[in-house]
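There are 2 protein chains.
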Amino acid sequence: MTEQGSLQAGNNLDPWYSHYAERAGGLRASEVRALFAVASRPEVVSLAGGMPFVAALPQDLVIGAMDTVMREQGAVALQYGSGQGVPELREQILEVMALEGITANADDVVVTTGSQHALELVSKLFLDPGDVVISEGPSYVTAMVIFKSYQAEVEHVPMDEHGLIPEALREHIARVKASGKTIKFLYTIPSFHNPAGVTLSWERRVEILQIAQENEILVLEDNPYGLLYFDRPAPDAIRSLDEDGVVYLGTFSKTLAPGFRVGWALAPHAIREKLVLANEAAVLSPSSFSQLVISEYLKTADWKGQINTFRGVYHERKNAMISALGEYLPELTWTNPNGGFYVWVTLPERLDSKAMLPRAVKELVAYTPGTAFFADGDGHQNMRLSFCYPTPENIRLGIRRLATVIRGELDLLDTFAGTGSLDALRDGQRFAAPPPNIS
Amino acid sequence: MTEQGSLQAGNNLDPWYSHYAERAGGLRASEVRALFAVASRPEVVSLAGGMPFVAALPQDLVIGAMDTVMREQGAVALQYGSGQGVPELREQILEVMALEGITANADDVVVTTGSQHALELVSKLFLDPGDVVISEGPSYVTAMVIFKSYQAEVEHVPMDEHGLIPEALREHIARVKASGKTIKFLYTIPSFHNPAGVTLSWERRVEILQIAQENEILVLEDNPYGLLYFDRPAPDAIRSLDEDGVVYLGTFSKTLAPGFRVGWALAPHAIREKLVLANEAAVLSPSSFSQLVISEYLKTADWKGQINTFRGVYHERKNAMISALGEYLPELTWTNPNGGFYVWVTLPERLDSKAMLPRAVKELVAYTPGTAFFADGDGHQNMRLSFCYPTPENIRLGIRRLATVIRGELDLLDTFAGTGSLDALRDGQRFAAPPPNIS
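So the sequences go chain by chain: A and B.
So the first sequence is numbered by full-length UniProt numbering: it starts at 1 and just counts up by one.
So the second sequence is numbered by full-length UniProt numbering: it starts at 1 and just counts up by one.
No lab work stands behind these hints, which were simulated from the structure alone.
Hints should not be assumed to be uniformly reliable.
Subject to a maximum C-alpha distance of 20 Å in a straight line, what follows is the list of computed DMTMM-like cross-link-like pairs (lysine to aspartate or glutamate) [as the list claims (entries may be wrong)]: (1) B:K181 <-> A:E22; (2) B:K181 <-> B:E171; (3) A:K181 <-> B:E22.
Rough simulated footprint, nothing fancy, chain A against chain B, three-plus residues with beta-carbon under 8 Å [as the list claims (entries may be wrong)]: (4) 111-117; (5) 126-135.
Distance ranges between label pairs, derived from CB positions [said to hold, decoys possible]: (6) B:D376 <-> A:S179: 37 to 43 Å; (7) B:L364 <-> A:H269: 29 to 35 Å; (8) B:D67 <-> A:E349: 53 to 59 Å; (9) A:S323 <-> B:D244: 54 to 60 Å; (10) A:E88 <-> B:E393: 30 to 36 Å; (11) B:E349 <-> A:E88: 43 to 49 Å; (12) B:P348 <-> A:T182: 51 to 57 Å; (13) A:G180 <-> B:D376: 36 to 42 Å; (14) A:D244 <-> B:G305: 51 to 57 Å; (15) B:E95 <-> A:L99: 44 to 50 Å; (16) A:H269 <-> B:K181: 36 to 42 Å; (17) B:L99 <-> A:A56: 41 to 47 Å; (18) B:D376 <-> A:D244: 36 to 42 Å.
Think of the CB as a built atom: it goes at the ideal place given N, C-alpha and C, for glycine as much as any other residue.
Generate coordinates for the entire structure from the input sequences, incorporating the hints supplied.
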């Protein structure tokens, strides 16, 4: 129970301190979530969050769908529904997934409260304490929070510009197996990776699936960004290659709006049955109202055209970010994604993105330090920059501010080089003017 | 892993059979959920489900709230929100809870995806394998499914017409403690109990809280029905007596509509902090759209008047059920609830509600057998009858059909008394014409 001490200060004032389950020790506030408070201050250019730009969605489309649902199916929309989700929506989800090469049966789709909840449910079904989840390094923050909340360990496998490296995956699997631990699944975001911005090539999708099959490892394919490509579509989903070894997660949060909290899992049949039971236990049924509104939207609106609109918006913003990085920070390196929301930046070796963050916020720009995306404390030399939410102008402004911060840090390093006093100086900065909710 | 064998037939065809977490063995399809399929056939009078009668809610009230939310706060409604919930809604929830004597701070409220999800999150935070949850016997089905899914044991304490019996609670606590097991919380539905229909008296609320305090047992007070009283309000909530030892669960599913999936937990501060982390891990944030619509409804509609409307509807239906029971089945005994959705019926000793169910469905009436509400297989002599959803006329029709079924069973018993062949006969009935999805 010692881990719980680090959950928060003042735990000894909690009369229920000794009553929590062991797994509660794995629940920590993520750095990304804590940043939301900062991002909401209007004077800060936030390149930190992952909020989609919902203003690009014509609200009349949504209002029209709501009115139709309430007038035609109001009693159903207001009622409890099936724990698996609305049948018609599950059929429509097949059409969405077909765009990425997936053939499936609606009976194997489970609608969830965002794809986040599908991640939670799959983890609850599979993870015993001490189990290992293999994931890319870096990986999605709140997936790792879930894995740890079920007392699993995350084993990171490195990526290059073509995504997860198959040879490294083989090595890591062999090493984990040799240690006697059980690998429960490979968690992967193959297209427009969060946070790395890279996309797994088709050849590697085939090879990585084969490695997983050889080792009897379930693949958990998380694909929130796949349809938000820029120049050319991502390769087909891993799930398009195999229906028995892949649990595929999708969501309407990025192609429509996150406020409805509707995502889904497509799972092998036996797993799907257990997912429905877990979903019923957790929420009885996902929101009937949200599901019916999305179903009506998909039936009546030009949803593919709307996805094209989103693609255009994000493409322009990505270009603004890449061009500003080239202009203001040519000494750094970064990924240049062909879709999604994120650019992964590598700083000069001497800099520490986490230590630098308070100074950046003071200069009115926020980013997510790379450490948030590693389970093992790695990532100090990286930062994730999001181009999804701010305007192109604000992205340029944010990068310019970031350049000021980075120059300032490098100047400090040059000035104090060899004196050993930089860390003390950094600590002084950090505690002199801590931004709210950043630690 | 042997328990998993009973999860479903054909598990040996599941290639991932050996990969599930141990806790997955605790996830079983509940008898109540399985009955939803039957209840949806129009010719069956279902006294089984717990669906609120949402047709009593004027849809224009909801449509108006939706339109206002979309036109005034569309971008917020469609976006991710806080993991704790919309601040204004949390303030309004204080007003709802004040009706049952609760004084609290909005900072200690966590909005969840129905109060079911609050139950799930509290269980995830507190339950280690082998822990004990004390609850009334009978108790809410899907709470027990959650407790078992975290590998906890449920210890039932009996009730009488004034609710949970304090002396029995003391005895059970002593017995569990003597066995060396850890009691994590007392799960209780003090007002208009599901399924028993009884209400814990004020004196007993005070005494039971005191017993919990003496034994350092957290109280998990689940109160979905409290405001749906008939003749007189229920006593104030247990939470009104103590803010440090009670996690209180509330919901809009019964006072407004379940289709939005909005409930809440009110928790001691340190527990609340962990609940928010668990909520963020599970769903990132509850639906902004649903929360804002409910907030707007509470702000602009006569929500207390609407609750009075619901009370009138359910009171009339309860009266229809009690009067039909008196008319058609005077030889049975039942509880006569002063609120909520349920009547708990005790059959003559010779009858078995679970064995009788297929015959009832054949006679076009459905109920929930008492066994669904006990973790230990008890309840064969009981059934839960719901009066919330069917019209008074259909309630009478359903009870009349039920009387036919019960008469038939008793006739059979008389005919075959002493011959020992009744069980064989019953089994024959059960397997000759099994209704869909009932086992």
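A quick look at each hint next to the structure:
1. About 16 Å separates the Cα atoms of K181 (chain B) and E22 (chain A), which keeps this hinted pair within 20 Å; it holds.
2. Proximity of K181 (chain B) to E171 (chain B) is assessed by CA-CA distance (about 14 Å); at most 20 Å being required, the pair is judged to hold.
3. Under the criterion of a C-alpha separation no larger than 20 Å, the hint pairing K181 (chain A) with E22 (chain B) is consistent with the structure, at around 16 Å.
4. With a cut-off of 8 Å between beta carbons, the stretch 111-117 of chain B has 4 residues touching chain A; three or more are needed, and the interface restraint holds.
5. With 4 residues bearing a CB less than 8 Å from a CB of chain A, the stretch 126-135 of chain B meets the requirement of three and the coverage assertion stands.
6. Judged by the Cβ atoms, the range 37 to 43 Å given for D376 (chain B) and S179 (chain A) holds: they are separated by roughly 41 Å.
7. L364 (chain B) and H269 (chain A) have their C-beta atoms about 32 Å apart, which keeps the hinted 29 to 35 Å range intact.
8. For D67 (chain B) and E349 (chain A), the hinted distance range of 53 to 59 Å is satisfied, since their beta carbons lie about 56 Å from each other.
9. Separated by about 56 Å at the C-beta atoms, S323 (chain A) and D244 (chain B) satisfy the suggested range of 54 to 60 Å.
10. One distance hint, 30 to 36 Å for the beta-carbon pair E88 (chain A) and E393 (chain B), holds here, with the actual separation near 32 Å.
11. In this structure, E349 (chain B) and E88 (chain A) meet the distance hint of 43 to 49 Å, their C-beta atoms being roughly 47 Å apart.
12. Between P348 (chain B) and T182 (chain A) the beta carbons are some 52 Å apart, a value that agrees with the proposed interval 51 to 57 Å.
13. Taking 36 to 42 Å as the suggested C-beta distance range, the pair G180 (chain A) and D376 (chain B) conforms, at roughly 38 Å.
14. Checking the proposed 51 to 57 Å range against D244 (chain A) and G305 (chain B) shows it holds: the Cβ atoms sit about 55 Å from each other.
15. Taking 44 to 50 Å as the suggested C-beta distance range, the pair E95 (chain B) and L99 (chain A) conforms, at roughly 46 Å.
16. One distance hint, 36 to 42 Å for the beta-carbon pair H269 (chain A) and K181 (chain B), holds here, with the actual separation near 37 Å.
17. Distance hint check: the CB atoms of L99 (chain B) and A56 (chain A) are about 42 Å apart, consistent with the given range 41 to 47 Å.
18. Remark: the range hint 36 to 42 Å for D376 (chain B) to D244 (chain A) is upheld by a beta-carbon distance near 38 Å.
When held up to the earlier numbered hints, the structure conflicts with none and fits them all.
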